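Here the protein sequences come in this chain order: A and B. Per my numbering, the first sequence runs over residues 1 to 114. Per my numbering, the second sequence runs over residues 115 to 233.
What the hints contain is simulated information worked out from the structure, not anything from laboratory work. Please note that a few of the clues may not be correct.
[To be verified] Within a straight-line C-alpha distance of at most 25 Å, the following computed DSS-like cross-link-like pairs (lysine-lysine) qualify: (1) 166(B) x 22(A); (2) 131(B) x 49(A); (3) 113(A) x 58(A); (4) 152(B) x 22(A); (5) 131(B) x 101(A); (6) 69(A) x 22(A).
[What the hints assert, rightly or not] Partial list, derived from the structure: chain A residues whose beta carbon lies under 8 Å from chain B: (7) 22; (8) 34; (9) 41; (10) 43; (11) 44; (12) 49; (13) 88; (14) 90; (15) 94; (16) 106.
[Unchecked claim] Pairwise CB distance ranges (calculated): (17) 198(B) x 40(A): 36 to 42 Å; (18) 39(A) x 181(B): 25 to 31 Å; (19) 39(A) x 136(B): 21 to 27 Å.
Because the structure is a prediction, the values reported are computed rather than measured. A virtual CB, placed ideally from N, CA and C, is assigned to each residue, including glycine.
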Amino acid sequence: AQSVAQPEDQVNVAEGNPLTVKCTYSVSGNPYLFWYVQYPNRGLQFLLKYITGDNLVKGSYGFEAEFNKSQTSFHLKKPSALVSDSALYFCAVRAYTGGFKTIFGAGTRLFVKA
Amino acid sequence: DAMVIQNPRYQVTQFGKPVTLSCSQTLNHNVMYWYQQKSSQAPKLLFHYYDKDFNNEADTPDNFQSRRPNTSFCFLDIRSPGLGDAAMYLCATSRGPGTGGVSNTGELFFGEGSRLTVL
Chain A
1 AQSVAQPEDQ
11 VNVAEGNPLT
21 VKCTYSVSGN
31 PYLFWYVQYP
41 NRGLQFLLKY
51 ITGDNLVKGS
61 YGFEAEFNKS
71 QTSFHLKKPS
81 ALVSDSALYF
91 CAVRAYTGGF
101 KTIFGAGTRL
111 FVKA
Chain B
115 DAMVIQNPRY
125 QVTQFGKPVT
135 LSCSQTLNHN
145 VMYWYQQKSS
155 QAPKLLFHYY
165 DKDFNNEADT
175 PDNFQSRRPN
185 TSFCFLDIRS
195 PGLGDAAMYL
205 CATSRGPGTG
215 GVSNTGELFF
225 GEGSRLTVL
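My request is simple: use the sequences and hints to build the entire structure.
Here it is, written out as structure tokens:
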């Protein structure tokens with residue numbers, strides 16, 4: 001069965017410091033991996049994706065994520081956090097094993113303190 | 115700009131009074147989804163349409179129904195809302211497999227959501 005784990009409910013970081021939001025996955029076949037961000041009372045916004053190729057992918061708002069096949073991880077990173085990055089972040093996985101479903105992690109709330 | 119639009123953004127209904135939420139898209143995507151999200155939890159898939167083919171999740175209550183009259187529109191009907199149905203309802207779209215070539219990697223495009231309050 002496909003699953004996604006985000007081990008941290010909340011991540012706190014000071015503005016200007018690097019941030020990491022963790023994600024591990026379990027899926028049969030080659031995964032398509034995604035990060036989405038959700039601001040209060042808004043829908044989810046696509047940030048970045050890994051499909052194939054370079055393990056480091058870059059996305060919107062200066063975010064990047066590193067795919068690690070051996071550790072089945074896809075951690076979200078940003079070199080220098082901004083207060084405006086404070087939001088709810090969801091890791092998601094999709095595998096083309098016949099379905100159209102995207103499996104979301106439980107979400108990690110990021111607080112960036114000025 | 116191509117987008118996914120949900121109406122209304124906020125809906126208040128009484129216990130047991132039917133409600134309909136709407137979603138429209140200008141992306142011309144084959145697949146449209148309805149998710150339920152409670153209290154900043156992960157979105158929970160209720161059902162999806164691939165073109166006109168309806169796919170219900172096994173644990174979606176019968177109280178929830180959906181209609182897709184054409185490619186652009188999809189509706190969520192809650193026949194008899196209970197207090198436990200208060201949530202954010204998210205509509206999303208994606209290209210279906212086999213469409214869009216190598217550019218189709220299945221990311222979801224979400225609307226801004228409809229927040230349902232049940233009194």
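Evaluation of the provided hints:
no.	hint	in the structure
1	166(B) x 22(A)	violated, 37 Å
2	131(B) x 49(A)	violated, 41 Å
3	113(A) x 58(A)	holds, 24 Å
4	152(B) x 22(A)	holds, 22 Å
5	131(B) x 101(A)	violated, 30 Å
6	69(A) x 22(A)	holds, 14 Å
7	22	violated, 15 Å
8	34	holds, 6 Å
9	41	holds, 7 Å
10	43	holds, 4 Å
11	44	holds, 5 Å
12	49	holds, 6 Å
13	88	holds, 6 Å
14	90	holds, 7 Å
15	94	holds, 5 Å
16	106	holds, 5 Å
17	198(B) x 40(A): 36 to 42 Å	violated, 22 Å
18	39(A) x 181(B): 25 to 31 Å	holds, 29 Å
19	39(A) x 136(B): 21 to 27 Å	holds, 22 Å
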